[in-house]
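Residue numbers (the working numbering), protein chains in the order written: chain U, 1 to 215; chain H, 1001 to 1225.
Calculated from the structure, these hints are not laboratory results. A portion of the hints provided could be inaccurate.
[Said to hold, decoys possible] Beta-carbon label-pair distances, calculated as ranges:
{"no.": "1", "chain 1": "U", "residue 1": "Gly112", "chain 2": "H", "residue 2": "Tyr1011", "range": "37 to 45 Å"}
{"no.": "2", "chain 1": "H", "residue 1": "Pro1107", "chain 2": "U", "residue 2": "Val46", "range": "35 to 43 Å"}
{"no.": "3", "chain 1": "U", "residue 1": "Thr214", "chain 2": "H", "residue 2": "Arg1130", "range": "26 to 34 Å"}
{"no.": "4", "chain 1": "H", "residue 1": "Arg1130", "chain 2": "U", "residue 2": "Pro114", "range": "28 to 36 Å"}
[To be verified] Partial selection, computed: residues in chain H whose CB lies under 8 Å from chain U:
{"no.": "5", "residue": "His1047"}
{"no.": "6", "residue": "Gln1053"}
{"no.": "7", "residue": "Val1073"}
{"no.": "8", "residue": "Phe1081"}
{"no.": "9", "residue": "Ser1083"}
{"no.": "10", "residue": "Asn1086"}
{"no.": "11", "residue": "Gln1087"}
{"no.": "12", "residue": "Phe1089"}
{"no.": "13", "residue": "Gln1104"}
{"no.": "14", "residue": "Met1151"}
{"no.": "15", "residue": "Ile1219"}
{"no.": "16", "residue": "Asp1220"}
{"no.": "17", "residue": "Arg1221"}
{"no.": "18", "residue": "Asp1223"}
[To be verified] Far from chain U, by Cβ distances over 12 Å, these chain H residues were calculated:
{"no.": "19", "residue": "Gln1003"}
{"no.": "20", "residue": "Arg1005"}
{"no.": "21", "residue": "Ala1061"}
{"no.": "22", "residue": "Arg1064"}
{"no.": "23", "residue": "Glu1217"}
Note that beta-carbon positions come from the ideal geometry of N, C-alpha and C, so glycine has one too.
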Amino acid sequence: MQLDPRCSLLLLLGYLIALASITPGHNLLLALMCLLPIALLLFSPVNKADLLAQAAYVLPFSFAIAAVALLRGNTAEAVFFLLRSYISILAVLIVTKLVSTLELLRAMERLGAPRFLIIVSEFLMRYLEVLRKEADSMRLAALCRGAAQSKLIAASSLGMLFVRSLERSTGIHNAMLARGFNGRLPRLFPMHWRLSDSLALCVGWAGIAALRWTI
Amino acid sequence: MIQVRNLKYEYSDSGPVLRGVDFALDAGESVALLGSNGSGKTTFALHLNGILQGQGEVTVAGIRVETHTLEAVRRKVGFVFQSSENQLFLPTVLEDVMFGLLNQNVPVDEARDRAMTMLESLHLEPYSQRNPFHLSAGEKRRAALAGVLLMSPEVLILDEPTTFLDPPGIRELAVMLNRQNMAKLIITHDSRFAMETTTRAVFFEKGLIVAEGPTREIIDRFDWA
């Protein structure tokens, strides 16, 4: 059964709030909360190893907080912080794999996120690939003219990439204007909130709350 | 259909690009805009739907192009840009083709039906749910054209439509364009394509139209083949 993206987003939000509210020392509670995303991961049609690895990208950042605990000599607290941040990111990644980014953005918009932010995110997402192609073609052109270090090329051509990006954004804007763009992107596929979504949200939130505040 | 009188335009970072262009396009007529790079062809075309607004007078279907008439003008003038990647910006081909209609407040269901019919006619139906970036150059060009044709413009402007197309793609595009009854303005360096799709040509040089006449005659006169 496919949940409405808003329902998935609200469930995720509820879980993250509950997880964030766990204070150091409640190790059993944290372990139980960890079981939720791990169970979801096990039963989801996603690449499990990839997601587990990707979630680890957060560790260097959360280590900054964990380091404070380590400096105070509290290793258990440091591990607690690292585990909590890892599990939070894992939960987010699972949801982004199960629901397309576009649907999530649209769900955020329907839930009241600023429209401007959503539109910028949508365009950024779509044109990252175009920018990557631009960067690749510039790198290739430089290599063909005898440049040896691709990293140096990337750094030196960054300014030019910005200029190209500006040109491209002007072109896109012109094309949008030519087709009557009036500042609002049309929404083509309306979301349908069903009874099953309400049920899933109630059960999900109740479950998370029961787990968090009764143990 | 289009009347342009004494059109002048200057970019802030360069000299004058248009130096007083006079031009007329009749309903149903197909005209090629020829001339070397930087001669002002695209700048001129961008004035016809108000993307740029210079000095002089531009009238489309009796409507003078001004800030408050842009919405009406853009319903009349369809513009297929040189870069299809700029033109196709929505996540799926179907959504992109529907974009113009939805901006005209056509109901979503009707827009979707009309877009699917258009995609079928351009043999793009199998790609309706694909990301436009993942299409071939020819398919991208057809998808961009579909989005513009669906708005039923009275004038169709195409900026270098043969760029990135292989010879069969160019032939297919020419056939497709010749089936359209609206007035067409085609900016191109491809003289053969110009002869296949237009009856009249104007030649731009340094921001001015220096010659106009039957397409073949203009191409021969400027040795543009």
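Here is what the structure says about each hint:
1. Take Gly112/U and Tyr1011/H: their Cβ atoms lie about 42 Å apart, and the range 37 to 45 Å holds.
2. A hinted range of 35 to 43 Å holds for the C-beta pair Pro1107/H and Val46/U, which are about 37 Å apart.
3. For Thr214/U and Arg1130/H, the Cβ-Cβ distance of about 49 Å falls outside the hinted range of 26 to 34 Å, so the restraint is violated.
4. At about 30 Å, the beta-carbon gap between Arg1130/H and Pro114/U stays in the expected band of 28 to 36 Å.
5. Contact between His1047/H and chain U, as hinted, is not supported at the beta carbon level, the nearest pair being about 12 Å apart and thus beyond 8 Å.
6. Proximity of Gln1053/H to chain U is violated relative to the hint, the smallest CB-CB distance being about 12 Å (cut-off 8 Å).
7. Taking 8 Å as the C-beta contact cut-off toward chain U, the hint placing Val1073/H at the interface is violated, the least distance being around 10 Å.
8. Using the Cβ-Cβ criterion of 8 Å, the hint placing Phe1081/H at the interface with chain U is satisfied: the shortest such distance is roughly 5 Å.
9. Given hint, Ser1083/H at the interface with chain U, holds; its Cβ is 6 Å from that chain's nearest Cβ, closer than 8 Å.
10. The closest approach between the C-beta of Asn1086/H and any C-beta of chain U is roughly 4 Å, which is under the 8 Å cut-off, so the hint is satisfied.
11. Contact between Gln1087/H and chain U, as hinted, is supported at the beta carbon level, the nearest pair being about 4 Å apart and thus within 8 Å.
12. With 8 Å as the threshold, the beta carbon of Phe1089/H comes within range of chain U, its nearest partner Cβ sitting at about 6 Å, so the hint holds.
13. Interface restraint check: Gln1104/H against chain U, minimum CB-CB distance 6 Å, threshold 8 Å, status holds.
14. The beta carbon of Met1151/H is positioned within 8 Å of a beta carbon in chain U (closest approach about 7 Å), and the interface hint is therefore held.
15. At a threshold of 8 Å, the smallest CB-CB gap from Ile1219/H to chain U is about 28 Å, leaving the interface hint violated.
16. Restraint check, Asp1220/H versus chain U: the minimum CB separation of about 33 Å is more than 8 Å; hint violated.
17. A cut of 8 Å between beta carbons decides the hint on Arg1221/H: the least distance to chain U is about 32 Å, and the hint is violated.
18. Annotation: interface hint on Asp1223/H violated; nearest CB of chain U at approximately 31 Å, more than 8 Å.
19. No Cβ of chain U comes within 12 Å of the Cβ of Gln1003/H; the nearest lies about 20 Å off, and the non-interface call holds.
20. For Arg1005/H, the non-interface assignment is confirmed: its Cβ lies about 22 Å from the closest Cβ of chain U, beyond the 12 Å cut-off.
21. Here Ala1061/H stays apart from chain U, with its beta-carbon at least about 16 Å from theirs, past the 12 Å limit.
22. Its beta-carbon lying about 18 Å from the closest one in chain U, Arg1064/H satisfies the requirement of being farther than 12 Å from that chain.
23. Distance check on Glu1217/H: its Cβ is at least 31 Å (rounded) from any Cβ of chain U, clearing the 12 Å threshold; non-interface status holds.
This entry does not satisfy hints 3, 5, 6, 7, 15, 16, 17 and 18, going by the numbered hints stated previously.
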